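Build the full structure now, drawing on both the sequences and the hints.
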Amino acid sequence: MNEEIISNLELTIPIERSIQAELLLLLGQYPSHGYELIQRLNDAAFKSGEADAATVYRNLRRMDKDGLIQSHWEVGESGPGRRLYELTPYGEDSLKLWAQHIAQQKTKLENFLQAYFQFEESLFKRKDGVKRT
Amino acid sequence: MIVTNKTLRIIHAGALQQVIEQCLERFTKQNPDLKFEIKGVGSREGAKRLLSGEKYDIIALADQALFAELLVPNLVENYFVFAADQMVIGYHRSSRGSKEITQENWADGLLKPHVSFARSDHRLDPCGYRTLMVWQLAENFYDKPGLFSTMEAASIPYSTYAKSLDLAGALFMGKIDYAFLYSSQAQQLGLPYLILPAKINLSNPAYADYYDQTAVSVESIIPGKNVIIHGKPIEFAIGIANTTQFHELAKSFVDLLTGSEGSLILEECGFIPC
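One line per chain: the protein sequences are A and B, in this order. Letter by letter, the first sequence follows residues 1 to 133 in the working numbering. Letter by letter, the second sequence follows residues 1 to 274 in the working numbering.
These aren't lab readings, by the way, just hints derived from the structure by calculation. Since this is a predicted model, take the numbers as computed values, not measurements. One should not assume that every hint holds.
Claimed, not checked - As a list, the in silico EDC-like pairs of lysine to aspartate or glutamate whose alpha-carbon atoms are at most 16 Å apart:
| hint | chain 1 | residue 1 | chain 2 | residue 2 |
| --- | --- | --- | --- | --- |
| 1 | B | 35 | B | 21 |
| 2 | B | 199 | A | 50 |
| 3 | B | 29 | B | 261 |
| 4 | B | 251 | B | 261 |
| 5 | B | 232 | B | 261 |
| 6 | A | 65 | A | 86 |
| 7 | A | 65 | B | 261 |
| 8 | B | 48 | B | 69 |
| 9 | B | 112 | B | 100 |
| 10 | B | 232 | A | 77 |
| 11 | B | 251 | A | 93 |
| 12 | B | 199 | B | 143 |
| 13 | B | 199 | A | 52 |
| 14 | B | 251 | B | 100 |
| 15 | B | 225 | B | 69 |
| 16 | B | 48 | B | 219 |
| 17 | B | 199 | B | 139 |
| 18 | B | 232 | A | 52 |
Here is the structure:
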């Protein structure tokens with residue numbers, strides 16, 4: 001399978017939704033403003049793609065509206081004031097559900113790979129048998 | 001409701017004209033007796049006007065860094081980042097070569113004979129110095145040594161369109177083929193535009209260190225002496241003048257712009273509310 005096909009498969013993963021889980025985790029670690037969250041998200045080992053400012057701010061507004069996070073304006077001590085976001089109890093519950101969901105997905109993917117490797121091995125043995133006869 | 005016969009004076013980046021007008025429309029409904037004076041300028045020029053003694057109650061600028069450089073703490077105590085944006089290349093239906101230009105070949109397309117492009121004045125307007133930064137970043141990003149100087153030499157003289165609002169108007173009228181603008185301005189005018197790669201369009205805080213390598217020289221707070229400014233992600237900010245006599249009113253207006261109503265207006269006008 002070439003890299004282009006793998007890249008196309010990745011496009012089918014709903015990045016917009018996984019960004020919400022990633023933002024919940026980052027805000028669970030500590031409260032941040034949007035500018036800092038974009039930097040933290042792009043540095044995170046678990047990022048699902050390049051996070052642009054429009055996508056991050058749009059998701060933060062949506063999550064704020066849905067009660068997953070809350071925000072207030074924080075006056076900057078040596079720089080500009082910015083909207084500071086933090087996780088709500090509802091957001092914490094949602095993050096736990098995300099973690100459970102991702103764990104289930106991980107198990108499913110591991111099972112898939114295990115079954116695939118068995119299939120690949122049987123295919124190899126079958127081809128090897130055909131060659132010998 | 002705040003009842004007064006006073007006049008609230010607002011100085012704002014030209015690029016924010018539609019946003020300020022729409023906010024005032026709503027604010028006037030809440031404060032029908034209030035009068036306003038609004039002045040749209042290049043943001044660097046706006047900050048300099050305050051420094052020269054002009055009095056305004058609210059200051060909304062296209063570059064948050066201008067507050068720290070020129071206004072805080074003497075003229076403004078606190079300021080708030082409320083919107084982000086990106087640099088784009090705006091064009092129109094009749095722009096020469098517009099069907100062929102892409103993220104990869106735009107510099108070649110703009111530098112063709114008989115193709116005209118322009119930027120605003122970097123001495124007065126952040127969109128002007130941000131365009132110079134885009135050209136500096138593009139030279140490195142596309143590995144085209146000398147691109148910055150070539151673009152600067154081929155561009156229509158920067159003094160022709162002092163602020164990005166003038167530039168957007170000229171593009172809309174078809175006077176030029178291409179203009180380096182904010183995405184929000186192209187969207188407000190319904191003009192097509194080319195999105196530039198994130199590494200050069202000054203939109204993404206993840207590339208803040210990369211943008212920082214750019215440098216443009218502009219006149220400092222001391223007339224006749226220059227200061228070097230570096231590239232940053234594009235952020236608009238608003239503050240209340242220390243000298244305002246209408247602090248409560250000014251704060252109400254800032255609350256409107258930075259609240260949910262303001263976010264909707266900013267989005268409608270093509271900005272990214274922060």
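Hint by hint, here is what the structure shows:
1. B:35 / B:21: Holds, at about 13 Å.
2. B:199 / A:50: 11 Å, holds
3. B:29 / B:261: This hinted pair holds, its Cα atoms lying about 13 Å apart.
4. B:251 / B:261: 15 Å, holds
5. B:232 / B:261: 27 Å, violated
6. A:65 / A:86: Judged against 16 Å, a Cα distance of about 13 Å means the pair holds.
7. A:65 / B:261: Holds. Residue 65 of chain A to residue 261 of chain B sits at ~13 Å (cutoff 16 Å).
8. B:48 / B:69: 11 Å, holds
9. B:112 / B:100: It holds: about 12 Å lies between the C-alpha atoms, which stays within 16 Å.
10. B:232 / A:77: 19 Å, violated
11. B:251 / A:93: With Cα atoms ~36 Å apart, residue 251 of chain B and residue 93 of chain A exceed 16 Å; violated.
12. B:199 / B:143: The hint holds at about 13 Å.
13. B:199 / A:52: 11 Å, holds
14. B:251 / B:100: 48 Å, violated
15. B:225 / B:69: This hinted pair holds, its Cα atoms lying about 14 Å apart.
16. B:48 / B:219: 10 Å, holds
17. B:199 / B:139: Holds, because 12 Å separates the two Cα atoms, which is no more than 16 Å.
18. B:232 / A:52: 15 Å, holds
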